[in-house]
Every structure is written in C-alpha cells, then in structure tokens.
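K.L.:
Sequences and hints are given; from them, build the entire structure.
As a plain string of letters, each chain reads:
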Amino acid sequence: MLDSRLWCGSLFYHAMGVSRVMSPLRVAALVRKEILHIIRDPRNLFLVIISPAFLLFLLSYVFSFEVTKLNLAALDLDRSPASRSYLSSLTNDQELVLTSVIESYQEILPLLVSGDADAVLIIPPSFADTVHGGGPSQVQAIIDGTDPFLSSQAISALGARSGVFVAGIDGNGLMEIVEPIEVRSQAWYNASLESMHSMVPGLLAIVLIMPTMAFALAMTREKETGTLEGLIVTPVSGPEYVAGKLLAYITAGLVSAILAMLVAVLWFKVPFRGNLVAYLVLVADYFLACMGITVVVASFVKSQQAGMFIVLLLFLVPSFFLGGLITPVSTNSLGSILTSYALPSTHFIEISRTVFLKGLGLAHLTRPALLLFGMGVGSIALGLRLFRKKLA
Amino acid sequence: MFLRVGNLILKELIQFSRDRLLAGFIILAPALQLFLMAQATERGITEQPVAVLDLDRSRLSRQLIANLDNNQELHVEYHGENVEGLRDLLDDGHVRLAVVIPAGFAEKLTSVDTPQQIQIIADATNTMAAAVALSAATGVVNRFSADLASSHGMVIPEPIDFRTDVRFNPSMDIQDFTIPAQLGFIIYQVTLAVAALGLARERELGTLEQLMVTPVRRIELTLGKGLPAITIGVLNFAVMLIIALAGFRVPMNGSILLLIALTLLFITTVVGWGLVISAISRTQQQAILFVFIVALMEVTFSGYIVSLKNMPPFLQAISRLAPLQHYLVIVRSIMLKGSTLAELLPQVAALGILSLAIWGLALRCIARTVE
Chain A
1 MLDSRLWCGS
11 LFYHAMGVSR
21 VMSPLRVAAL
31 VRKEILHIIR
41 DPRNLFLVII
51 SPAFLLFLLS
61 YVFSFEVTKL
71 NLAALDLDRS
81 PASRSYLSSL
91 TNDQELVLTS
101 VIESYQEILP
111 LLVSGDADAV
121 LIIPPSFADT
131 VHGGGPSQVQ
141 AIIDGTDPFL
151 SSQAISALGA
161 RSGVFVAGID
171 GNGLMEIVEP
181 IEVRSQAWYN
191 ASLESMHSMV
201 PGLLAIVLIM
211 PTMAFALAMT
221 REKETGTLEG
231 LIVTPVSGPE
241 YVAGKLLAYI
251 TAGLVSAILA
261 MLVAVLWFKV
271 PFRGNLVAYL
281 VLVADYFLAC
291 MGITVVVASF
301 VKSQQAGMFI
311 VLLLFLVPSF
321 FLGGLITPVS
331 TNSLGSILTS
341 YALPSTHFIE
351 ISRTVFLKGL
361 GLAHLTRPAL
371 LLFGMGVGSI
381 ALGLRLFRKK
391 LA
Chain B
1 MFLRVGNLIL
11 KELIQFSRDR
21 LLAGFIILAP
31 ALQLFLMAQA
41 TERGITEQPV
51 AVLDLDRSRL
61 SRQLIANLDN
71 NQELHVEYHG
81 ENVEGLRDLL
91 DDGHVRLAVV
101 IPAGFAEKLT
111 SVDTPQQIQI
121 IADATNTMAA
131 AVALSAATGV
141 VNRFSADLAS
151 SHGMVIPEPI
161 DFRTDVRFNP
171 SMDIQDFTIP
181 AQLGFIIYQV
191 TLAVAALGLA
201 RERELGTLEQ
211 LMVTPVRRIE
221 LTLGKGLPAI
231 TIGVLNFAVM
241 LIIALAGFRV
251 PMNGSILLLI
261 ALTLLFITTV
271 VGWGLVISAI
281 SRTQQQAILF
291 VFIVALMEVT
301 FSGYIVSLKN
311 MPPFLQAISR
321 LAPLQHYLVI
331 VRSIMLKGST
341 LAELLPQVAA
351 LGILSLAIWG
361 LALRCIARTV
371 E
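Protein chains in written order, with this note's numbering: chain A, 1 to 392; chain B, 1 to 371.
The reader is advised that the hints may include incorrect statements.
Unchecked claim - Distance condition first, Cα-Cα at most 30 angstroms in a straight line; then the derived DSS-like pairs of lysine-lysine:
#, chain 1, residue 1, chain 2, residue 2
1, B, Lys11, A, Lys302
2, A, Lys69, A, Lys269
3, B, Lys11, A, Lys223
4, A, Lys33, A, Lys302
5, A, Lys33, A, Lys223
6, A, Lys223, A, Lys302
As the list claims (entries may be wrong) - Negatives, chain A to chain B, calculated, CB over 12 angstroms:
#, residue
7, Arg26
8, Lys33
9, Asp76
10, Ser100
11, Glu107
12, Val236
13, Lys269
14, Gly378
No wet-lab data here; the hints were simulated from the structure.
The beta carbon of each residue, even a glycine, is placed where N, CA and C say it ideally should be.
P.N.:
Printed below as a string of structure tokens:
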C-alpha cells in the first residue's frame, strides 16, 4: 500500500514537472529526525528555543535609552545671587549635573580632555547687572565634541534651560511674553515615547536570527562531521533534505518566537495591538527569508565555523545598524538603500513594530511581507540548484 | 619550545588557508562591514519624511512649510488633502511627522490675541527618530513665531546670549565618532570568535586527542592557538584602519605607532578571553553560544551603544572588566583628541592587568582539560 502511495505521489509530481520526487513521508521523517536532534541536545535546544527570549531580555536593557546625565563644570566670574540662581536652574532637573566649580581659564581644557566634564560654562563678571538691565549677557559654553550625540544633547539642554531662565526672571519691567503660535504635539502609537516599546519589537527581529544560526549550524554540521555522506546513500533527495531541515527549524523557531513575545509582553509590558496569528505567519515568512539565504550560503561553506561567521556577519551585525533599529533606514544613497533592503531584518523590524504598536494587519504590510517571501523562495530555489550539484 | 610553537602556528595557518572561503571572509568581511556601517551612520537622523496638511494656503503658511523643509532633519514630501490621508501616511510608515496648519491661520495671527495652534503628529514607533523630528519641527515653529512677533513690534527680551564652542570634533561629525568605535567592535568580534573556536573545533573533530599524545606542553598549545588569532586580529585592524583613514578621512591626531601598539595589547586581551571560552567548551556550538553571550555583555558594558553613566555604580565597576570599554576610550582619544601614552595610562594599565589575568586563567583552564 505504501508503495502505491509513493508511486502515485511520484506520478503526481512528475505531472507537475518537478524532476525529483518529493515524498511527504520522507520529508516528515526528516523533520522528525531534526526535531529529535534539537530536543535531545540541551545546548541545541537552548540555542534554538530559549536563546531568543533570553537575548531579548538582555538586549532590551542594553538599548533602553535613558537620558544621559551630563557633567557640567562652571567658571563663575560673577558670583552673584543671579549667577548662582542661573546655575541652579540649569541643574535642577538632574539632566545636567554640576560636578566642579573652577577658578581659572587654564583648568578648562584638562577637564575636557580627561573627560571629567562634558561641558564647561563660563559666566562673565557683569552677568547680574547685564541681565537685570535687560540687555544680553554673553554666556559661553565649551563643549567636548568627541561624542556628537552627547554634545548635541548638551547644547540643546543648556540652550533650552537658559531660555527657561529668561522667562523666569520676574519683575523689573520685563514684558509678558505671548507667543503668537503655539505647538500642539502628539506621538502616535507610542504616546509616552517609551523607548522600550520601540526597541523591544525591533529587537525581536535581531534575536530571531538565532534559529537561523542554529539552522546554519545544522546545515554545515553534517557536511563537516561526515554524516551527510550517509544520507546521500538513502533515497532522500536534495529538496527533501532541505525541506526537512527548513520545516523543523521554522517550527522550532516559531516556538521560540512565542516565548520571546511572552517576554516582550509580560516582562517589558510592550502593548501587542495586532493579530497574533497574522504575526506568527509573518515570523515564519521572516524565517523563510533568512534560512533561505542560509541554504545558498551553506552550499559553499565547509565548516560550522564558517557557517557561524557568515550568519553573524551577514545577518546579525548589519541588522543593528542598517535595519532601522535605532536610526531610521538611510535613504542617502542608492547603495545604502540596496543594502538595507537586501537585509531581511529591515523588513521584519518594520513588520514587528507595525503589528505591536500600530495594531495593523497584513493589509498594510504587503510590501515587506512579499519581499521577505520572495527572498525566501528565490534563495531556496537557487540553493536547491547548487545543492543538487554538490550532492551529485 | 619555540620550534614546537612555531610548528603549531604553521599547522594553524595551513588549516586556515585550506578553507579559502573562511579565510577570505575573516579578512574581508570585517572591512566590508565597517564600510557598510559607516555609510549607514553617515548623517545621523536627517531628512525625515514629513506630510503637511495646509488648510490655510496663505503666503504665511507656505512660508512656514518652506521653513520646515529647509530644516536639515526634516523633508516635506507629501502635501495632504485631508486628515484621512495623513492618517494613512502615518499608518503605512511613509512619513515620520504630520503637520496640520489650521484654516484662517494667517488671518487670525494678525488680528486676534490668542495664540494659533499648529498640530504636529509623530510616528513614535521609532522613539529616537520621533523625538528628533518633533523637536526639530517644534524648533522651526517657535523660531517662526518669534520672528513674526518681533516683526510686529513685540519685543521678546533675551537677557542671555548663549554661545557654544565645540572642541575636539568641532563639526560634531558623527562618522568621526562612530567609525573608531566600529573599528574596535569589529576587531573584537572577529578576534574573539577565531580564538574561541580554536580548541573547541579540535576537540569536536577529535584531533585534540592526537595533539595530546605529542610532546606539546600546555603553554605551547596555548601560544600555538593564541598567536595565529592575534595575527588575524592585527591583519584585520590594518585593513580597517586604512579604510578609516583613507576612505572616510577620520582624523588621526595622535601617534599611529601608539595606536598600533595599544591595539596589539587589546587584541591580546581579547584572544585571552577567546582561549578561556575555547577551553571550557566541549563543542563548537557551545563555544559559539559563549562567544555570543560574552560579546553581548561586552557591548553592554563597553559604553559602545549606551552610555555608561546611566548604569548603577556597581555595574559600572563590573564594566571595567570589559577590554572593549578601555579600547574604545583609547582609540577615540588617540584619533580625535591626540592623546599621549601618559594621558591613557589608566586604560593601558587596565588592559595590561586584564590580559595577564585572562591568559593566566586560560592556561589553567587548558591545563585542566588537556589532561
């Protein structure tokens, strides 16, 4: 009976024009073998199923951008109540911290070079008189520009607070300031601009590369340890081999994704406003793209070491910088657009944030979803071609 | 002893050169990576797409829109027809910001006393980009408002004239800041991975047992695995330094020799860590996992992405164990501030002590497992 099923199956596939027989039974057996491999080895199990959730936990704390405290040094040449009240108004909300008060110009540069101060403020001798007289008093800030993010934060913090101080000077003939235009701003999808809510869904794209890493190791391990030759002797065909591995690892990956999502929602309290099933379908789509590319890569690679390197360098590291995780995707040059779009994680970061925060479904995500699907199917087709040649 | 170490190194090099793909990848990919990452972080957050709904269509509103477009961080790409259109643009992620100018804006500005409202809506799925876009747009509107007020005779007093003078990186060029860090980060990755996989691979393939039968002593084995890894690290560094200096024109205000010497110290420390991982892992997969976790902790504690000042003091203390942290200070100080050895003594001392301690630990671990 089994024979006739296989025979019918092969007829069917021949009719479909597929030159190799793809037997669902054999693929199922391979899937079972791969899953057993995963479950029986605790290290492999950790890598595939648990590491995404674990990594999400770690990485989210790394990327939680809190406001950095800036170290301020002050050269107060006025020493008046006005200058002291200015200094305290600059530092009262703790973003700027007054770490030292210096006495002379010579002390400025060493403080900046050593990094003890991020900025040095110089208050001129006639500060109090000039300010009370209404005229502008020149306050100078010398800023350490080594870290542009910190220095621009310092400039805007100092500037904004100086502005507030101005508005706060009371009495003495200063007119009431009525601005003609008022700005009403709103942040959609993440009203409190909570950085975790933005980072955690984005980081899911990064941590879900781990199942792909495990898949890459699985593809290369059999070649390296020599057990692949044993498989070649069996009736298993190239496509069946790849399909078996893919199905097993995508399934395991989905389990790990669910665990990671639990961490995101229950621990980090990121709102999940979308449809769970749709999201899991998109996760599988993402795995298809990443693992598909890995299939192509694996046909050139001879060792697990190389496989690991390639996944690391090709997927993991660029995703941090080119995927739109922190800074949005750079549309400056054609080159940067191409490289960002060629990376599967760029699309999944968008998908993840859209489903979690915007609560939108497949209708709004057709472009990234189709791109991922195309990448996956295309690279698997290419990989099968190459694989066949190697097996032969 | 040197002969044996030399032979081991030769063996490593032969093995390395046989796997052409891996060899090429290890040398070229980091350089490629540096190139790509530097490209991506070129201008920070700029040219964020903005949609404007101008319900007033006056000369004044068009001027405001032009001001928004002129701003470096914003780029007006869409002119909406209605609120639904704006909502769709935000939902689909086509714009970062939507600005609504109400009808009668210009008229009421000059005739009525109450302030006119401009609504700004940001897509906050990327909080950093949203914050930058919001503050840029708010800044433009506020300046527009102040100019308007002064042109109508309202005087807004400015008792404080605030001047800034930025040192060491006056243009606040983001690339000059991030590329040295990326350099350190990439060298760290590659060196750690190569060193960590060394022994684990031999153990998994079974060739370690064969080595144990030979007269090779554990210190020779350690050196034999460690020195090739150091060489690979140095090679990578050389390639990437050339790219950084010649390609991206990152300034080199300090001494190149000092940089190379201290980089060698850094690489040695990292290889030490790799050897420890290599010694305690029984399979390559375990080694890879460890590399991953160690690398992540390094990145967290190095201040590479997140500033260290945010962390509680005891975590900051632990972070001193991360060689990457010290190296980032070193490389940035030498390249941007032109620091000398004397100024960097704390970092050099830290790296020196760390490397001695780690290599000692590596020797002990290898001793235990080789038996």
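K.L.:
Taking the hints in turn, state whether each one holds.
P.N.:
Here is what the structure says about each hint:
Distance check on the hinted pair: Lys11 of chain B and Lys302 of chain A sit about 18 angstroms apart at the alpha-carbon level, within 30 angstroms; holds. Taking the CA atoms of Lys69 of chain A and Lys269 of chain A, the gap is about 26 angstroms. The hint holds against a cut of 30 angstroms. At roughly 22 angstroms between alpha-carbon atoms, Lys11 of chain B and Lys223 of chain A fall within 30 angstroms of each other, so this suggested pair holds. Straight-line distance between C-alpha atoms of Lys33 of chain A and Lys302 of chain A comes to about 22 angstroms, which keeps the hinted pair within the 30 angstroms bound.
As the CA atoms of Lys33 of chain A and Lys223 of chain A are separated by approximately 16 angstroms, the hinted pair is consistent with the 30 angstroms bound. For the hint pairing Lys223 of chain A with Lys302 of chain A, the CA-to-CA distance comes to about 7 angstroms; that is within 30 angstroms, so the pair holds. Every CB of chain B is more than 12 angstroms from the CB of Arg26 of chain A (nearest about 27 angstroms), matching its label as outside the interface. With a cut of 12 angstroms on Cβ distances, Lys33 of chain A stays outside the contact zone with chain B, its closest approach being about 18 angstroms.
Consistency note on Asp76 of chain A: stated as away from chain B, and its beta-carbon is indeed over 12 angstroms from all of that chain's, at 14 angstroms minimum. With a least CB separation of 16 angstroms from chain B, Ser100 of chain A remains clear of the 12 angstroms interface cut-off, as annotated. Taking the minimum C-beta to C-beta distance to chain B, about 14 angstroms, the non-interface status of Glu107 of chain A holds against the 12 angstroms cut. No beta-carbon of chain B is positioned within 12 angstroms of the beta-carbon of Val236 of chain A; the least distance is around 24 angstroms.
With a least CB separation of 15 angstroms from chain B, Lys269 of chain A remains clear of the 12 angstroms interface cut-off, as annotated. No Cβ of chain B approaches the Cβ of Gly378 of chain A within 12 angstroms, the least distance being about 22 angstroms, so the stated non-interface status holds.
This entry satisfies every hint, going by the numbered hints stated previously.
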